[in-house]
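**Q** Sequence:
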Amino acid sequence: MQELVLKIAADVITRACQERPADAVLRAELKSQPALDPLLRRDISRAVFAYFRWRGWLDERQSVHDQIVHASQVNMKFVREPESFADADLVARAVPEWLAGQVEVSPALARALQTEPRLWLRAHAGQGRELAAKLGEGALPGEGFLADAIEYRGPQDLYRTPEFHAGEFEMQNLSSQVVSLLCAPQPGETWWDACAGEGGKTLHLSDLMRNKGLIWATDRAPWRLKLLKRRTARAQVFNYRAALWDGSARLPTQTKFDGVLLDAPCSSVGTWQRNPHARWTTTPEDVHEMAARQRELLGRVADSLKPGGKLFYSVCTLTRAETVETAESFGKAFSEFKPLALTDPFKPTGTPAPQLWIWPQANGGNGMFIAGWQR
Numbered sequence: 000m001q002e003l004v005l006k007i008a009a010d011v012i013t014r015a016c017q018e019r020p021a022d023a024v025l026r027a028e029l030k031s032q033p034a035l036d037p038l039l040r041r042d043i044s045r046a047v048f049a050y051f052r053w054r055g056w057l058d059e060r061q062s063v064h065d066q067i068v069h070a071s072q073v074n075m076k077f078v079r080e081p082e083s084f085a086d087a088d089l090v091a092r093a094v095p096e097w098l099a100g101q102v103e104v105s106p107a108l109a110r111a112l113q114t115e116p117r118l119w120l121r122a123h124a125g126q127g128r129e130l131a132a133k134l135g136e137g138a139l140p141g142e143g144f145l146a147d148a149i150e151y152r153g154p155q156d157l158y159r160t161p162e163f164h165a166g167e168f169e170m171q172n173l174s175s176q177v178v179s180l181l182c183a184p185q186p187g188e189t190w191w192d193a194c195a196g197e198g199g200k201t202l203h204l205s206d207l208m209r210n211k212g213l214i215w216a217t218d219r220a221p222w223r224l225k226l227l228k229r230r231t232a233r234a235q236v237f238n239y240r241a242a243l244w245d246g247s248a249r250l251p252t253q254t255k256f257d258g259v260l261l262d263a264p265c266s267s268v269g270t271w272q273r274n275p276h277a278r279w280t281t282t283p284e285d286v287h288e289m290a291a292r293q294r295e296l297l298g299r300v301a302d303s304l305k306p307g308g309k310l311f312y313s314v315c316t317l318t319r320a321e322t323v324e325t326a327e328s329f330g331k332a333f334s335e336f337k338p339l340a341l342t343d344p345f346k347p348t349g350t351p352a353p354q355l356w357i358w359p360q361a362n363g364g365n366g367m368f369i370a371g372w373q374r
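Position 113 of the sequence shown, counting from 1, maps to 112 under numbering that gives the first Met the number 0, and the rest follow consecutively.
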């Protein structure tokens, strides 16, 4: 491993902590060195994430440099010989012990978390195959319900492609795409993306609405809304209004909506495949604090729906407290909301259910939980 890769990766790892996640430190470091070769950037990123992914196999008495080298060696062995890793060992070492009290950590889940994440793109509605053909080698279009989801395995820097600059696709995880597709907003409707973040689902909702109707996109962080506005400009999304909302009882608008999507803040356990640092900074206390916040937010947005309007709750986590327990709590408190029947897009012939789990080991995307109700 190149000395420069080791040096930069070790510096990122040393500076990372709960307040400064490794992925954010890494982005800032790479941004500060624009002259770095793209291959070096890739190797640095892989070294950092391999360290956190395989931290349970490392000897903390060694130097960070030596631990990075060991982690990379273990990762390469896992890629070449996954069967040489015992199920019990993976379950015991891949995640912190406390997780077993909130999630059934199966061998399949542990193996999925130790696998490097896939890169997913979202084409405009109906243009998945056309975009995949343009991107060429390594662009694999989806089918059926997910026909506009593309897995990319090619060599290009997608941010430099003319298709990206023309707004023809977004980087969006497969599971996140499922959320908006289940919402199924119609052109001319009025929707609220209550925790819009940087706008990935806002853009998808708009695309499904053919840029007609109106979406209120709110978030508590001004910097996220600034990024949202930049993304909507590139994608030529016009049917939205962005506003700050801190989740308080003072709502951003008195509008009554056809649909509300609450993609709530969560512990993000479902993203631990692509964000392995969070495995070692997230605590059980974080989970319970998030669950309380999610229940509060659901109660805040519920009255903003029209009669017959639909409410969707999604979280990229897998803990019981933030998924089934939060959904059950809402159902008991708001009896006028009736559960929706959600069809699993990965099992379209299965029986629809009011709650949908998406597991990393089954579909290659983030872990996700989705529930829906109609007022």
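These aren't lab readings, by the way, just hints derived from the structure by calculation.
Careful, some of the hints might be misleading.
Have a look at the derived ranges for each label pair, beta carbon to beta carbon [to be verified]:
1. Asp86 with Leu226: 36 to 46 Å
2. Ala361 with Lys225: 53 to 63 Å
3. Lys225 with Arg60: 42 to 52 Å
4. Thr348 with Ala248: 17 to 27 Å
5. Gly125 with Ala361: 40 to 50 Å
6. Glu59 with Gly349: 41 to 51 Å
7. Glu59 with Thr350: 43 to 53 Å
8. Gln235 with Ser334: 25 to 35 Å
9. Ser334 with Ser31: 48 to 58 Å
10. Arg219 with Ser334: 48 to 58 Å
11. Ala165 with Trp222: 23 to 33 Å
12. Thr160 with Asp88: 39 to 49 Å
13. Pro283 with Thr160: 36 to 46 Å
Subject to a maximum C-alpha distance of 25 Å in a straight line, what follows is the list of computed PhoX-like cross-link-like pairs (lysine-lysine) [stated by the list, open to error]:
14. Lys305 with Lys331
15. Lys228 with Lys30
16. Lys211 with Lys228
17. Lys305 with Lys337
18. Lys225 with Lys30
19. Lys331 with Lys255
20. Lys337 with Lys255
21. Lys225 with Lys211
22. Lys76 with Lys30
23. Lys305 with Lys255
24. Lys305 with Lys211
25. Lys76 with Lys6
26. Lys6 with Lys30
27. Lys228 with Lys255
Quick reminder that beta carbons are idealized off the backbone N, C-alpha and C, glycines included.
**Q** Each of the hints needs a verdict: does it hold here or not?
**A** Right, here's what the structure says about each hint:
1. Asp86 with Leu226: 36 to 46 Å: holds, 40 Å
2. Ala361 with Lys225: 53 to 63 Å: Hint violated: Cβ distance 35 Å, outside 53 to 63 Å.
3. Lys225 with Arg60: 42 to 52 Å: holds, 44 Å
4. Thr348 with Ala248: 17 to 27 Å: violated, 43 Å
5. Gly125 with Ala361: 40 to 50 Å: violated, 26 Å
6. Glu59 with Gly349: 41 to 51 Å: Hint holds: Cβ distance 45 Å, inside 41 to 51 Å.
7. Glu59 with Thr350: 43 to 53 Å: Check passed, 48 Å falls within 43 to 53 Å.
8. Gln235 with Ser334: 25 to 35 Å: Violated, since Gln235 and Ser334 (Cβ atoms, about 42 Å apart) do not stay within the stated range.
9. Ser334 with Ser31: 48 to 58 Å: holds, 54 Å
10. Arg219 with Ser334: 48 to 58 Å: violated, 29 Å
11. Ala165 with Trp222: 23 to 33 Å: Since Ala165 and Trp222 have Cβ atoms about 25 Å apart, the given range 23 to 33 Å holds.
12. Thr160 with Asp88: 39 to 49 Å: Holds: the Cβ-Cβ distance is about 41 Å, inside 39 to 49 Å.
13. Pro283 with Thr160: 36 to 46 Å: holds, 43 Å
14. Lys305 with Lys331: holds, 20 Å
15. Lys228 with Lys30: holds, 21 Å
16. Lys211 with Lys228: The given pair, whose Cα atoms are some 17 Å apart, holds under the 25 Å limit.
17. Lys305 with Lys337: Holds, at about 14 Å.
18. Lys225 with Lys30: holds, 19 Å
19. Lys331 with Lys255: holds, 23 Å
20. Lys337 with Lys255: holds, 18 Å
21. Lys225 with Lys211: Status holds; Cα separation ~22 Å.
22. Lys76 with Lys30: Distance of about 31 Å is beyond 25 Å: violated.
23. Lys305 with Lys255: holds, 5 Å
24. Lys305 with Lys211: Judged against 25 Å, a Cα distance of about 19 Å means the pair holds.
25. Lys76 with Lys6: holds, 23 Å
26. Lys6 with Lys30: holds, 16 Å
27. Lys228 with Lys255: OK: Lys228 and Lys255 at ~23 Å, within 25 Å.
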